[in-house]
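Participant: Each chain, written out:
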Amino acid sequence: MSTAVLEVDALSRAFGGVQAVDGVSFSLHPGEIVGLIGPNGAGKTTLVNLVTGVVRPSSGTVRFNGCDVTRQRPWQAARNGLARTFQVVQPFPEMTVLDNVAAGALFAGQAASRADAHAQARDHLSFVGLAGEAHRPAAALPLPGRKRLELAKSLAMKPKVLLLDEVNAGLNTGEVEHALKLMRAIADRGITILIIEHLMKVVLTLSQRILVLHRGKLVSQGDPKTVIQDPVVVEAYLGRKFAERQMKLADG
Amino acid sequence: MDVLQILVNGLMLGALYACIAVGFSLVWGVLNVINMLHGSFIVLGGYLAFFAWRDLGVHPLLSLVGIAALLFALGWALQYGLINHIVARPVLTTLTLTFGLDMIVYNFMTLAFTATPRRVALDLGVLHALDVVVPVDRIIAMVLALALTALLFLVLRTSALGRAIVAVRMDRDAASLMGIRVERIYAMTFGIGALMAGACGSLLAVVYPVTTMMADQFLGKAFVVCVIGGLGSVPGALAGGLALGLIESVSGHLVGPQHAMTIGFSLMVLLLMTRPTGLLGTQGYE
Amino acid sequence: MKRGIAIFIALTAVMAAVPFVADNYVVRLCTFLCMYAALALSWNVIGGYAGYPSFSTAGFFGLGAYAGALMQHAGANPVVSWLAATVVVAGLAVSIGRFILRMKGHYFAIGSLAIVEVLRLVASSWASLTGGGDGLNVPILQGGPDFVGRVFLFSMMAMMIVCFAMTVLVDRTRLGFGLRCIKQNEDAADMVGIDVTSYKTAAFALSAMFCGTIGAIYASWVAYIDPSDAFSTLLSLKIPVMTMLGGPGTVLGPVVGAWIFVVLEEMIWAQFLELNRAILGIVIVLLIFTLPGGLLGLRLPAWNWRALVGLRSRIPEAQ
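Each protein sequence line maps, in turn, to chains A, B and C.
Just so we're aligned: 92 in our numbering is position 92 of the first sequence, and the numbers increase by one with no gaps anywhere.
Just so we're aligned: 162 in our numbering is position 162 of the second sequence, and the numbers increase by one with no gaps anywhere.
Just so we're aligned: 137 in our numbering is position 137 of the third sequence, and the numbers increase by one with no gaps anywhere.
There could be a bad hint or two in this list.
If you anchor each label on the Cβ, the simulated ranges turn out as follows [as the list claims (entries may be wrong)]: (1) C:Val26 <-> B:Leu62: 55 to 63 Å; (2) A:Gln87 <-> B:Ser176: 53 to 61 Å; (3) A:Ser58 <-> B:His253: 42 to 50 Å; (4) B:Ala115 <-> A:Ser113: 42 to 50 Å; (5) A:Gln19 <-> C:Ser198: 28 to 36 Å; (6) C:Arg102 <-> A:Gln87: 19 to 27 Å; (7) C:Ser95 <-> B:Gln217: 24 to 32 Å; (8) A:Glu244 <-> B:Arg275: 47 to 55 Å; (9) A:Arg122 <-> C:Leu129: 56 to 64 Å; (10) B:Arg275 <-> A:Gln19: 47 to 55 Å; (11) B:Gly179 <-> A:Phe242: 36 to 44 Å; (12) C:Ser198 <-> A:Phe15: 34 to 42 Å; (13) A:Arg122 <-> C:Arg174: 16 to 24 Å.
Please keep in mind that the hints were generated in silico from the structure rather than gathered at the bench.
Ideal placement from N, C-alpha and C gives every residue a C-beta, glycine not left out.
With the hints as extra help, turn the sequences into a complete structure.
Facilitator: In structure tokens form, the structure reads like this:
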């Protein structure tokens with residue numbers, strides 16, 4: 001078993017009286033694709049915020065490549081190789097698409113110069129299929145384009161671990177297919193991916209392992225087949241009909 | 001000086017400060033616009049009260065109503081005609097615009113009224129109770145200031161207009177979806193802010209000599225009250241005003257009145273750095 | 001941008017020739033042109049690039065003025081005093097920057113304005129040091145009006161050149177790029193690997209320190225300062241307006257805006273002394289409604305003069 005690239009140990013965070021994340025522990029190993037599922041309000045985005053330093057944990061630790069990064073700030077996480085996308089996309093609206101991606105390359109990706117950053121940005125834009133939009137302002141892109149921009153930007157940051165927060169929300173079937181292909185290609189590059197998703201099809205197709213969060217606690221983890229049969233998960237999130245259908249699909 | 005006297009002075013001052021600030025706080029909270037004209041509105045109200053009393057023989061308590069109406073109209077017109085168009089723009093733009101408008105108003109006031117201090121001297125004598133000395137005109141001003149503030153609170157709480165204003169304050173887009181004409185509400189709110197400023201100004205004219213040069217000071221006090229008490233709420237303005245009044249009264253006694261303002265401002269800066277949403281935060285919505 | 005730099009150099013060269021062809025009135029006017037251009041260029045770093053609406057220019061200017069004046073009082077040579085003032089102001093900006101830059105939008109604006117107020121009140125109250133309301137006299141430079149006029153024209157011009165150079169540097173480097181990102185979406189900037197706090201503090205310090213130098217030079221020039229003159233709220237308002245007039249977030253915008261503003265003001269002062277505030281107010285109102293991106297932001301359809309003159313840096317700014 002290779003050493004974990006990301007280790008989360010008993011991570012907790014409360015907001016006022018609400019325990020948003022409660023004693024969550026898991027690890028990510030290099031090259032894995034791990035799915036994170038759970039009902040709305042389970043604490044998935046908060047967990048990502050805790051890991052990337054946007055929010056301080058009340059207790060627990062985060063280790064990245066063996067180093068304790070519990071108290072890191074988001075920009076430090078970015079420079080260390082931990083990138084994330086936002087559920088509600090966060091571009092630099094008035095800057096061009098190219099500049100948006102170049103920002104990722106220049107700062108977190110530690111490009112040597114702006115020219116170098118722009119060159120890298122062009123590569124990433126081609127990868128996600130946005131090469132033609134390079135000189136449009138980011139605000140002019142429709143939602144699927146913005147999601148791809150977000151992805152390109154995070155790739156430009158040269159991440160070792162990529163946390164994708166509902167990258168497919170709002171996309172239609174065709175767009176989701178395209179996104180799936182992109183994510184497989186990213187994993188093939190050796191980047192470890194944690195993907196938060198509601199689309200079970202995506203999670204089941206991509207993930208080698210699934211984590212299930214419910215009311216801030218990690219209630220189940222393991223390979224996809226086992227997890228979707230777990231009665232706790234079925235009760236909390238999937239629903240019986242869905243689980244049965246999945247079983248039929250898997251067997252048949 | 002007696003502790004009780006300092007306290008009473010502080011509270012009376014505080015009531016006036018609350019009234020000064022509540023209109024400003026409302027506009028800031030609802031429109032997200034800092035109205036740099038607020039100080040000038042106060043001074044304008046004061047001057048109008050003075051001239052109504054001196055030249056027309058109208059008692060300040062009566063002219064209060066007329067002045068309030070006049071300033072409401074002025075505020076409403078400014079908002080609907082000009083400020084509404086740039087409400088969505090960045091902070092720098094809205095601040096600079098109201099700053100610019102204030103310069104126009106200020107200039108014309110200085111020309112029309114001159115900077116001579118004016119006061120409506122009612123000479124109502126002085127009240128003695130429990131070793132505390134309070135001029136009667138100040139008591140009346142305080143009571144009226146509190147009454148006005150309470151009236152505003154009631155309007156916001158109970159009237160349809162008031163609820164609409166609070167709705168816009170909480171979530172402009174949602175309010176718009178509910179059928180509220182946001183631009184009209186903005187204009188009404190700004191008008192109310194001007195009204196409160198003008199009314200308070202005419203009350204102040206009874207207590208202090210009012211001059212154009214005090215406009216900046218009033219504005220400064222309104223800022224401090226908002227930072228202490230939070231934005232857009234009447235209870236917040238009241239709490240902030242009373243707090244500032246007490247602080248000034250106490251520090252005025254300890255280090256002298258000229259330093260009282262420095263202390264108030266420094267406190268504001270400290271608060272801004274540590275708790276920018278004020279001591280009461282955004283809780284008190286009424 | 002190269003064109004913009006070339007234009008700036010050309011105009012500066014022309015201005016350098018002024019003392020040899022024109023009278024002291026014009027020399028004085030040019031000195032003001034340089035002074036305000038330098039102040040506007042400084043403000044542009046925090047206000048235009050980073051997008052933090054600062055009203056603290058007068059605070060740094062005034063502090064520099066007093067620091068410089070006090071040092072000269074103590075016998076120091078003017079240039080040394082000016083340099084010392086720069087250090088003092090930079091120090092203040094770095095120490096309070098951490099705190100004040102935590103605030104955003106309105107709160108930051110008020111906080112920055114409050115700095116000016118507090119400094120002015122301190123200057124007025126601490127009479128034993130600053131002379132309080134009576135003000136402070138500064139030893140007058142010897143050499144006659146022509147010589148003195150030239151010295152200060154070239155000093156202010158040097159400051160303008162320094163501030164312009166600083167702006168070009170900021171614009172071209174990572175700092176400028178990072179500040180633009182911060183202005184558009186501070187959270188995203190953080191996530192992309194920008195050390196937001198350090199960048200903002202650097203911008204704030206850069207925007208402050210030369211205001212201090214300029215304040216010190218001003219004190220030496222007019223030979224007398226008092227609190228309301230040095231810490232004038234009006235100055236804090238005019239500087240952003242000048243930059244907005246020319247075009248915030250650009251390299252040449254503050255210079256263009258400052259020069260046009262000063263000339264306008266001079267013409268209005270001469271004609272309408274009593275109404276000068278009102279007219280300034282009207283200019284501001286007109287500016288906001290007709291020129292949202294400043295003069296350099298005008299999008300004239302047929303004749304895209306921006307591209308023609310190449311005055312703007314590559315990344316467009318809508319505000």
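Participant: Hints first: check each against the structure and report whether it holds.
Facilitator: Evaluated hints:
1. C:Val26 <-> B:Leu62: 55 to 63 Å: Since Val26 of chain C and Leu62 of chain B have Cβ atoms about 58 Å apart, the given range 55 to 63 Å holds.
2. A:Gln87 <-> B:Ser176: 53 to 61 Å: 25 Å, violated
3. A:Ser58 <-> B:His253: 42 to 50 Å: 45 Å, holds
4. B:Ala115 <-> A:Ser113: 42 to 50 Å: With a Cβ separation near 59 Å, Ala115 of chain B and Ser113 of chain A fall outside 42 to 50 Å, so the hint is violated.
5. A:Gln19 <-> C:Ser198: 28 to 36 Å: 34 Å, holds
6. C:Arg102 <-> A:Gln87: 19 to 27 Å: 25 Å, holds
7. C:Ser95 <-> B:Gln217: 24 to 32 Å: Given a distance of about 28 Å, which is inside 24 to 32 Å, the answer is holds.
8. A:Glu244 <-> B:Arg275: 47 to 55 Å: 54 Å, holds
9. A:Arg122 <-> C:Leu129: 56 to 64 Å: 59 Å, holds
10. B:Arg275 <-> A:Gln19: 47 to 55 Å: 25 Å, violated
11. B:Gly179 <-> A:Phe242: 36 to 44 Å: 40 Å, holds
12. C:Ser198 <-> A:Phe15: 34 to 42 Å: 28 Å, violated
13. A:Arg122 <-> C:Arg174: 16 to 24 Å: 19 Å, holds
When each numbered hint is compared with the structure, violations occur for hints 2, 4, 10, 12.
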